[in-house]
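The primary structure of each chain is shown beneath.
There are 2 protein chains.
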Amino acid sequence: MSEFTATVTVRLKRGVLDPEAETTKQALERLGFELSALRSADRFEIDLEAPDADAAAERADEMAERLLANPTIHDYDVAVTER
Amino acid sequence: MSEFTATVTVRLKRGVLDPEAETTKQALERLGFELSALRSADRFEIDLEAPDADAAAERADEMAERLLANPTIHDYDVAVTER
Numbered sequence: 001m002s003e004f005t006a007t008v009t010v011r012l013k014r015g016v017l018d019p020e021a022e023t024t025k026q027a028l029e030r031l032g033f034e035l036s037a038l039r040s041a042d043r044f045e046i047d048l049e050a051p052d053a054d055a056a057a058e059r060a061d062e063m064a065e066r067l068l069a070n071p072t073i074h075d076y077d078v079a080v081t082e083r
Numbered sequence: 001m002s003e004f005t006a007t008v009t010v011r012l013k014r015g016v017l018d019p020e021a022e023t024t025k026q027a028l029e030r031l032g033f034e035l036s037a038l039r040s041a042d043r044f045e046i047d048l049e050a051p052d053a054d055a056a057a058e059r060a061d062e063m064a065e066r067l068l069a070n071p072t073i074h075d076y077d078v079a080v081t082e083r
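Protein sequence lines correspond, in order, to chains A and R. Letter by letter, the first sequence follows residues 1 to 83 of my numbering. Letter by letter, the second sequence follows residues 1 to 83 of my numbering.
Next up, chain A with everything else stripped away, as it sits in the complex (with noise of 0.2 Å):
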């Protein structure tokens, strides 16, 4: 068994309302800054023990399918690097 780190990135899916998004913007558009679009995500990092990456990925995943994606509302990513 070896350590990895998954990354799942959860992102709004296209076209879902951003309320945080759309005020974080403006918040930075009053304080001068131009900027054309602001998304916001969620990013979870975590640690596990498994036989490969392969495996790793999987289990990550799983976790993303079952609690930390809603798929009615997000789309996700998953990133594993050995530790």
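It should be emphasised that the hints constitute simulated quantities derived from the structure, not laboratory data. Accuracy of the hints is not assured; some may be wrong.
Straight-line distance between alpha carbons at most 20 Å, and here's what the computed SDA-like set of lysine to any residue pairs gives [claimed, not checked]:
(1) K13/A / T7/R
(2) K13/A / D42/R
(3) K13/A / R43/R
(4) K13/A / T5/R
(5) K13/R / D77/A
(6) K13/A / D77/A
(7) K13/A / K13/R
With chain A fixed as given, assemble chain R onto it according to the hints.
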């Protein structure tokens, strides 16, 4: 001017308690997953125009300093890609 996407990842500094991450870890364990640690972070993807990637990174860095991160409790990093 070119179009860039700056990704700002904001994490809690080591030693700062993260009850949300702890709760998420426990929920995953209750579902039967084995993991040794879970850290959560906020990720902002910012679309902006800038003369070059360095200028885009500098602007995103300033946004993090002024609004997106709280320097008392957060670390952040900035990555820029051209669109």
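These are the hints, each one checked on the structure:
no.	hint	verdict
1	K13/A / T7/R	holds (17 Å)
2	K13/A / D42/R	holds (17 Å)
3	K13/A / R43/R	holds (15 Å)
4	K13/A / T5/R	holds (18 Å)
5	K13/R / D77/A	violated (24 Å)
6	K13/A / D77/A	holds (12 Å)
7	K13/A / K13/R	violated (29 Å)
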